[in-house]
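K.L.:
Sequence lines, in order, name chains A and B.
Under the UniProt record's numbering, the residues of the first sequence are numbered 1 to 266, in order.
Under the UniProt record's numbering, the residues of the second sequence are numbered 1 to 313, in order.
Think of the hints as simulated: they come from the structure by calculation, not from any bench.
Computed from a predicted structure; not experimentally measured.
Mixed in with the good hints there might be a few duds.
As the list claims (entries may be wrong) - Subject to a maximum C-alpha distance of 20 Å in a straight line, what follows is the list of computed EDC-like cross-link-like pairs (lysine to aspartate or glutamate):
| id | chain 1 | residue 1 | chain 2 | residue 2 |
| --- | --- | --- | --- | --- |
| 1 | A | LYS175 | B | GLU62 |
| 2 | A | LYS20 | B | GLU62 |
| 3 | A | LYS175 | B | ASP85 |
| 4 | A | LYS175 | B | GLU64 |
| 5 | A | LYS20 | B | ASP310 |
| 6 | B | LYS91 | A | GLU173 |
| 7 | A | LYS175 | B | GLU63 |
| 8 | A | LYS44 | A | ASP92 |
| 9 | B | LYS45 | B | ASP310 |
| 10 | A | LYS175 | B | ASP219 |
| 11 | A | LYS175 | B | GLU67 |
| 12 | A | LYS20 | B | ASP264 |
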Amino acid sequence: MFPELNNLLNTTPEGAEQGKLTLLCDAKTDGSFLVHHFLSFYLKANCKVCFVALVQSFSHYNMVGQKLGVSLTTARERGQLVVLEGLKSAVDIFFRPQEEPHPLQFLREANAGDLQPLYAFVRDALEPVDCGEAAWRCPVLLVDDLSVLLSLGVGPVAVLDFVHYCRATVCREWKGNVVALVHDSGDAEDEESDVLLNGLSHQSHLILRAEGLATGFCKDVHGQLRILWRRPLQPTTPRDRSLTYQYKIQDKSIFCCEPSSEPYSL
Amino acid sequence: RLTPSEGLARPPPPPTDNCPNGSFRPSHDSVEWEGRSLLKALVKKSALCGEQVHVLGCEVSEEEFREGFDSSINNRLVYHDLFRDPLSWSKPGKALPGGPLEALRALDKRTGSGPATIALDSLSWLLHHLPCPILCQTLHALSRQDSCPGDTLPGEQVRVLGLLHEELHGPGPLGALSSLAQTEVTLSGTMGQASAHILYRRPRQRPTLQTQWFSILPDFSLELQVEPLLESQPPSDLHTPSVDPTTHLTFNLHLSKKEREAKDSLTLPFQFSSEKQQALLRPGLGQATSHIFYEPDAYDDLDQEDPDDDLDV
Numbered sequence: 001m002f003p004e005l006n007n008l009l010n011t012t013p014e015g016a017e018q019g020k021l022t023l024l025c026d027a028k029t030d031g032s033f034l035v036h037h038f039l040s041f042y043l044k045a046n047c048k049v050c051f052v053a054l055v056q057s058f059s060h061y062n063m064v065g066q067k068l069g070v071s072l073t074t075a076r077e078r079g080q081l082v083v084l085e086g087l088k089s090a091v092d093i094f095f096r097p098q099e100e101p102h103p104l105q106f107l108r109e110a111n112a113g114d115l116q117p118l119y120a121f122v123r124d125a126l127e128p129v130d131c132g133e134a135a136w137r138c139p140v141l142l143v144d145d146l147s148v149l150l151s152l153g154v155g156p157v158a159v160l161d162f163v164h165y166c167r168a169t170v171c172r173e174w175k176g177n178v179v180a181l182v183h184d185s186g187d188a189e190d191e192e193s194d195v196l197l198n199g200l201s202h203q204s205h206l207i208l209r210a211e212g213l214a215t216g217f218c219k220d221v222h223g224q225l226r227i228l229w230r231r232p233l234q235p236t237t238p239r240d241r242s243l244t245y246q247y248k249i250q251d252k253s254i255f256c257c258e259p260s261s262e263p264y265s266l
Numbered sequence: 001r002l003t004p005s006e007g008l009a010r011p012p013p014p015p016t017d018n019c020p021n022g023s024f025r026p027s028h029d030s031v032e033w034e035g036r037s038l039l040k041a042l043v044k045k046s047a048l049c050g051e052q053v054h055v056l057g058c059e060v061s062e063e064e065f066r067e068g069f070d071s072s073i074n075n076r077l078v079y080h081d082l083f084r085d086p087l088s089w090s091k092p093g094k095a096l097p098g099g100p101l102e103a104l105r106a107l108d109k110r111t112g113s114g115p116a117t118i119a120l121d122s123l124s125w126l127l128h129h130l131p132c133p134i135l136c137q138t139l140h141a142l143s144r145q146d147s148c149p150g151d152t153l154p155g156e157q158v159r160v161l162g163l164l165h166e167e168l169h170g171p172g173p174l175g176a177l178s179s180l181a182q183t184e185v186t187l188s189g190t191m192g193q194a195s196a197h198i199l200y201r202r203p204r205q206r207p208t209l210q211t212q213w214f215s216i217l218p219d220f221s222l223e224l225q226v227e228p229l230l231e232s233q234p235p236s237d238l239h240t241p242s243v244d245p246t247t248h249l250t251f252n253l254h255l256s257k258k259e260r261e262a263k264d265s266l267t268l269p270f271q272f273s274s275e276k277q278q279a280l281l282r283p284g285l286g287q288a289t290s291h292i293f294y295e296p297d298a299y300d301d302l303d304q305e306d307p308d309d310d311l312d313v
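One chain only, chain A, in its complex shape (with noise of 0.2 Å):
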């Protein structure tokens, strides 16, 4: 994890809020790092983690998590982590009984019809067992990312169904947490991409936004971060609890600044 987002969140593995649904959102930039700070963010506070991965390998995750402090295999071995290779099972799909229930199931429908069997995974995969073993800390549920279930041929409704009984069943029954990744396309044609955005903002506690520089590619800023808090609704909260920052990744931490107001130069 980044320690220096956790001082912008102000928030550390142990004191880690529960019941949140943070939404993580990317436009004309790569968000991945927020999945990678988070996934190794939950592990160290030593959560039950459900990883739904769609974009990327086992592998690569499992690499990237090694140089944020945690190993991913580990993880998988004792039980923490539960991980769902989204690239690897959408080809096993087609090769198994099709009578035996799969999460990404719609693959094999005409009209791809609702995530039911998905979150039937999750809520398997992070139900609290009472066997005595040593508790893990709170359930959390993470997804990278839910863009592509729409270019999979899932509507909109049908995605936000899903997050929407994920945090019925993680964040308040079980008191756990939900983050998720989703991409905005910044096109105006593309209904679907923004109902999905914005629907999945009304329902988020946390905003986290990582944006590309107006200016374009810049070698010293990778792009700028905004962190809304939206939820829950104390009606004290200032209107505008939004921090925006700049930042920048290096290898094993994030730089983040404080926006400038000098133009940069390349």
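Using the hints provided, position chain B relative to the given structure of chain A.
P.N.:
Same frame as chain A, now just chain B:
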């Protein structure tokens, strides 16, 4: 200096006044200006008036909705939970029987006697899961708009409040819901202060638009406010103190009045005025300021003849 107009200072009319039979009031919100606190504030107001309040909760849990209300309000609030299992995915099922549509229609039967308020949290969720025409018909029936004025007793008035996230829907569904509404409230704000743009549609009258600035207190009481003064807005970027660049100069940027007059009256050398012309043509006595003295030496050939004599000009 801004003074509150009468429209702003007057609190919103008591709920039963401008809605003879029933009314439907959607509140439009956005990600930046959320509307749930206003919905809760209106729910609280209705409960304090002695009405029974039915909340169809689709987006937040019952505990989260009830948070911030004291027991007197919670006792009058009936929460119909569509949040936990709206689509019957759970086993054993915790869903309300019949799904979202039946849950919505059932509200009509529950609000039997006495004035009641129905709060829909949210209309956006219902619009995503029910066909728009069916939702509109059900809302129409729910707010009892299809009954004649004489049929409904004053005690049976039903007010329907709905929360709608504007960015999630196209103009068609938004327009359809707007056409059903007696009052439409759109939330926005500036400088951290929330405002509500309220559109009233009264029968046989022109729609009126009013803007009301407000804030919601921790106990979900609604406090109306005057429009924030523009002068109080701090400048957006005050990073460097402004420095007057004209101080400490080694040259003079300004002219005094006398200097300006002298400058204006000066004739520039290349300006050819009639006075100059006269001066050149007729050099006056005493104007010749230079003389040329020539001392011929031995080798000079002084010829007094005019060298141009032989020119045929």
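K.L.:
Going back to the hint list, which numbers does this structure go against?
P.N.:
Violated hints (numbers, rising): 5, 8, 9, 10, 12; every other hint is consistent with the structure.
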